[in-house]
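Going line by line, the protein sequences match chains A and B. Sequential numbering from 1 applies to the first sequence in my numbering. Sequential numbering from 1 applies to the second sequence in my numbering.
Source of the hints: derived by calculation from the structure; they are not laboratory data. Just so you know, even glycine gets a beta-carbon here, dropped at the ideal spot from N, CA and C. Do not rely on the hints blindly, as some may be mistaken.
[Claimed, not checked] Ranges between beta-carbon positions, derived for each pair: (1) A/55 with B/127: 44 to 54 Å; (2) B/170 with A/79: 30 to 40 Å; (3) B/295 with A/121: 33 to 43 Å.
[Stated by the list, open to error] Examples of chain A residues lying across from chain B (beta carbon under 7 Å, computed): (4) 73; (5) 91; (6) 92; (7) 102; (8) 103; (9) 105; (10) 111; (11) 114; (12) 116; (13) 117.
What follows is each chain in one-letter form.
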Amino acid sequence: MSALLSARGLRLAFGGVRAADGIDLDVMEREFLAIIGPNGAGKTTFINMTTGHLRPQAGSITYRGVELLGRKPRDIVRMGVARSFQLPQLFTEHTVLENATLAIAAREGGWASLRPLLRPAWREEAAELLGRFGLASALHRRADALNEGTRKLADIAMAVALRPRLLLMDEPTSGVAAADKMAVVETLARVLRDEGVTAVFVEHDMDVVARIADRVAVWGQGKIAALGPPRQILSDPIVLRDVIGIPVGEAADAVP
Amino acid sequence: MSARNEFLLGLLGAALLVLLALSAPWLRFVLTVALAKGLAVLGILLLLRAGQVSFGHALFVALAAYAAAFLAPLLPEVALLLPAAALVAALGGLVAGLFVMRYRDIFFGMLNLALSMVFYSLLEKLYGLTHGTDGIRLPLPRVLGLTLEGAAYEWVLFALALSFAFGFAALVRLWLAAPLGQALSGIKTREARLEFMGVPARRVLLAAYILSALMAGCGGALVALTSRHVTPALAYWTASGELVFIAILGGAGSVLGAFLGAVVYELTRVYAAATIADAWQLILGTVLLLVILFAPGGLVGMLRGLLHRRPTPAKAGERPA
Numbered sequence: 001m002s003a004l005l006s007a008r009g010l011r012l013a014f015g016g017v018r019a020a021d022g023i024d025l026d027v028m029e030r031e032f033l034a035i036i037g038p039n040g041a042g043k044t045t046f047i048n049m050t051t052g053h054l055r056p057q058a059g060s061i062t063y064r065g066v067e068l069l070g071r072k073p074r075d076i077v078r079m080g081v082a083r084s085f086q087l088p089q090l091f092t093e094h095t096v097l098e099n100a101t102l103a104i105a106a107r108e109g110g111w112a113s114l115r116p117l118l119r120p121a122w123r124e125e126a127a128e129l130l131g132r133f134g135l136a137s138a139l140h141r142r143a144d145a146l147n148e149g150t151r152k153l154a155d156i157a158m159a160v161a162l163r164p165r166l167l168l169m170d171e172p173t174s175g176v177a178a179a180d181k182m183a184v185v186e187t188l189a190r191v192l193r194d195e196g197v198t199a200v201f202v203e204h205d206m207d208v209v210a211r212i213a214d215r216v217a218v219w220g221q222g223k224i225a226a227l228g229p230p231r232q233i234l235s236d237p238i239v240l241r242d243v244i245g246i247p248v249g250e251a252a253d254a255v256p
Numbered sequence: 001m002s003a004r005n006e007f008l009l010g011l012l013g014a015a016l017l018v019l020l021a022l023s024a025p026w027l028r029f030v031l032t033v034a035l036a037k038g039l040a041v042l043g044i045l046l047l048l049r050a051g052q053v054s055f056g057h058a059l060f061v062a063l064a065a066y067a068a069a070f071l072a073p074l075l076p077e078v079a080l081l082l083p084a085a086a087l088v089a090a091l092g093g094l095v096a097g098l099f100v101m102r103y104r105d106i107f108f109g110m111l112n113l114a115l116s117m118v119f120y121s122l123l124e125k126l127y128g129l130t131h132g133t134d135g136i137r138l139p140l141p142r143v144l145g146l147t148l149e150g151a152a153y154e155w156v157l158f159a160l161a162l163s164f165a166f167g168f169a170a171l172v173r174l175w176l177a178a179p180l181g182q183a184l185s186g187i188k189t190r191e192a193r194l195e196f197m198g199v200p201a202r203r204v205l206l207a208a209y210i211l212s213a214l215m216a217g218c219g220g221a222l223v224a225l226t227s228r229h230v231t232p233a234l235a236y237w238t239a240s241g242e243l244v245f246i247a248i249l250g251g252a253g254s255v256l257g258a259f260l261g262a263v264v265y266e267l268t269r270v271y272a273a274a275t276i277a278d279a280w281q282l283i284l285g286t287v288l289l290l291v292i293l294f295a296p297g298g299l300v301g302m303l304r305g306l307l308h309r310r311p312t313p314a315k316a317g318e319r320p321a
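Generate the whole structure from the sequences, applying the supplied hints.
Structure representation (structure tokens):
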């Protein structure tokens, strides 16, 4: 396996807050890398820097050997790096099907054509993809009429519809009802593995991390405090204390 | 409204207009101007899809009208003057658009207004070139080489206005259903997402803006050729406001709204001005207030409400096009 994405020496401070304070990270081809850490540690900032939304003050991020910094979000997407959002960013006056079809249109181009957006081929592809996310019953509902969990899935489905090679997800399971969470995560992981997508995701639910992550990076105050396979990281008492908030003494009992 | 229904309603409307123009010859002029304004309003409706209101689109009407006035002595042929003038407006749309695209909402609206007022001032002050508020008279142009007088010339322009109305309404309908138009409504709700999908949102809006300028230009050229007299008043802010007024009156839900609104507006204006000369704006103001309060879908929304009152269960849940 080779590194698909390499970050080196990323630094970015907002006033006195160090959102990135020397981040070095390699994301390997086809791995699922979870980013965990307390609020304000700079997890979302890393996604924002990678996708061109924020420009670090120092450092570099290369994707397949090409520097990403200084490129516009839309150019980075076209290189194969897509993202989903903590707060779903859907076109609220469009249906779920139209949202996903717009993503397919964005991928396929051909903007000068006056053929309808909902042309059979795109429509079928969008319906099939949404079906795999368990959204078959929501296809024709307007995005602003959905519950949070459904919106979240539709948001991720739109990013997947772009057929990225690397997908960055900001808290993919927040807002999904606890009872549905594992089913959703399993579905998501299956779709991404089927498509051969490398995934980086920020996550607060350690059960989700344990279930699908190949590696876990622990963020703390703009630095990577620990990096390794979930079994090792999630049984590290310091991580448990600082990230999950379990006192050191009880940590040994908390994780089997 | 389905494409077929809208097309049939459009045909019905066109037939009514032809009947009106036949029954009262002086209405030919009024209806041609109404259809010409409808073309500009169609551009306003297109930009409304992106949530943007231009308070300065009379700029492109006036740009094309003056282009027609300046070119008329050199090119006294309708078949050349009309496209040339519309093209000037589209180019103006490209230049203004590149600048205006950087702004949204109130800034978008006000910048358009500012540009149109700059143009108005130039038309008014550059007396040597434009004859100021006196305006410019156009010589009677030929039509495909023929010299037509009076009624024949008026009929030609009326027919041209009607054909442009049909053609552009069909184009805008296709545009709105195509990715370009759907992304345009995406600008209204989630512009940032477009960028994160790799879609250059500004170019999507710019394309619509240029089309709106082209349609306003066709309208402006038709107004100039019909009235054969152009004045700076064409670019004044009230002329732009009128276009937005008509857009709301007609309703944003359908391309028919632009023309229905424009025809009702012009007829109301003509009759109200004839009966109560000083208070016709009062009537229009009251009408607008009533439309906003009780029929937010505009005249087209009211029409659709009437049509849907019939029992047509198959059409239930259909989304407005």
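Do residue 55 of chain A and residue 127 of chain B keep their Cβ atoms within the hinted range of 44 to 54 Å?
-> The hint (44 to 54 Å, Cβ to Cβ) holds, given that residue 55 of chain A and residue 127 of chain B are roughly 52 Å apart.
Residue 170 of chain B paired with residue 79 of chain A, Cβ distance criterion 30 to 40 Å = holds, 38 Å
Once the shortest beta carbon distance from residue 114 of chain A to chain B is found, is it less than 7 Å?
-> holds, 4 Å
Is the shortest C-beta separation between residue 103 of chain A and chain B less than 7 Å?
-> Hint on residue 103 of chain A: holds, closest Cβ of chain B at ~6 Å, below 7 Å.
Measuring from the C-beta of residue 117 of chain A to each C-beta in chain B, is the shortest one below 7 Å?
-> holds, 5 Å
Supplied contact hint for residue 116 of chain A, tested at 7 Å Cβ to chain B | Cβ of residue 116 of chain A sits 4 Å from chain B, so the hint holds.
Could you check if residue 111 of chain A really has its C-beta closer than 7 Å to a C-beta on chain B?
-> holds, 6 Å
Hint check: 7 Å Cβ-Cβ cutoff, residue 102 of chain A to chain B | holds, 6 Å
Measuring from the C-beta of residue 91 of chain A to each C-beta in chain B, is the shortest one below 7 Å?
-> Status holds, d = 5 Å.
Closest C-beta approach of residue 105 of chain A to chain B relative to 7 Å, hint status | holds, 4 Å
Supplied contact hint for residue 73 of chain A, tested at 7 Å Cβ to chain B | Where the cut-off is 7 Å and the nearest Cβ of chain B is about 5 Å from residue 73 of chain A, the hint holds.
Was the hint right that residue 92 of chain A lines chain B, CB cutoff 7 Å?
-> The hint holds - residue 92 of chain A has a Cβ within 7 Å of chain B, the shortest such distance being about 5 Å.
In summary, this structure violates none of the numbered hints.
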